[in-house]
Amino acid sequence: MADAVFLGGDRFHKAEEAHAGIGPVLEKAGLDVHYTSDFASINAGLLEGAKLLVLLRDGMEWPNGHDADPERWMQPHQEEAIEQFVLNGGSFLVMHNSAWNYPWDGGYRRTVAGYFQFHPPYMHFDVHITDRDHPITEGVEDYEIEDEQHFIWFDNDRVDLFAVSQGKDGRESASGYSHEFGKGRVAYLANGHRLVVLQHPSVQKLLTNAVNWLLRK
56 MADAVFLGGD RFHKAEEAHA GIGPVLEKAG LDVHYTSDFA SINAGLLEGA
106 KLLVLLRDGM EWPNGHDADP ERWMQPHQEE AIEQFVLNGG SFLVMHNSAW
156 NYPWDGGYRR TVAGYFQFHP PYMHFDVHIT DRDHPITEGV EDYEIEDEQH
206 FIWFDNDRVD LFAVSQGKDG RESASGYSHE FGKGRVAYLA NGHRLVVLQH
256 PSVQKLLTNA VNWLLRK
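First residue of the sequence shown? That's 56 in my numbering, and the numbers climb one at a time after it.
Simulated from the structure, these hints should not be mistaken for lab results.
Please note that the accuracy of each hint is not assured.
[To be verified] Have a look at the derived ranges for each label pair, beta carbon to beta carbon:
hint, residue 1, residue 2, range
1, 160, 67, 18 to 26 Å
2, 259, 210, 21 to 29 Å
3, 135, 181, 37 to 45 Å
Each residue gets a CB set at the ideal place from its N, CA and C atoms; glycine is no exception.
When you get a sec, could you build the whole thing from the sequences and use the hints?
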């Protein structure tokens with residue numbers, strides 16, 4: 056039985072890069088990690104006994120080929136499993152595109168407390184730390200990064216926003232937030248399109264701090 060379940064990889068993101076960029080942080084925190092790219096495997100049984108769920112994956116699958124419209128893969132039993140996992144004390148690290156094209160009106164949306172809107176092309180932008188007293192931002196200064204700047208709706212009455220991204224055009228979006236959900240915890244980090252992004256020193260520090268906060272270390 057694994058301490059952490061990590062679902063990574065989709066059409067636009069390589070599972071091996073997601074796992075290579077975040078996995079060492081999880082393992083250094085002492086977690087036994089179950090790595091998977093099989094979205095269908097996410098269920099209550101897989102999460103039973105785990106402390107942490109990590110996703111770096113969008114909500115789409117392409118059963119009819121990439122020329123056809125995508126379909127959402129997450130099923131009602133999976134939404135319920137994730138929501139109950141967190142409500143009952145588990146923690147959830149929501150990475151990069153893991154709020155994109157999921158069911159918008161159910162348990163997954165309630166748990167994430169946000170929903171992806173869009174992103175401009177891969178480019179340079181700035182990340183500003185807006186809450187320097189949050190445990191996840193400890194030791195992290197403002198930084199510039201080349202990534203996809205993700206724009207996300209989020210429940211500002213429910214979450215603690217600790218970082219924002221600002222494009223060279225001035226547009227801002229949430230880059231990191233956290234919230235308590237039932238007995239569990241959720242953290243969202245926007246950076247992460249490529250391995251080099253995940254390995255950026257500031258992103259690695261945010262990841263390390265986020266995992267420690269999620270595990271209540």
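The hints, checked one at a time:
1. 160 with 67: 18 to 26 Å: holds (24 Å)
2. 259 with 210: 21 to 29 Å: Since the Cβ atoms of residue 259 and residue 210 sit about 27 Å apart, the hinted range of 21 to 29 Å holds.
3. 135 with 181: 37 to 45 Å: Between residue 135 and residue 181, where Cβ atoms are some 38 Å apart, the hint holds.
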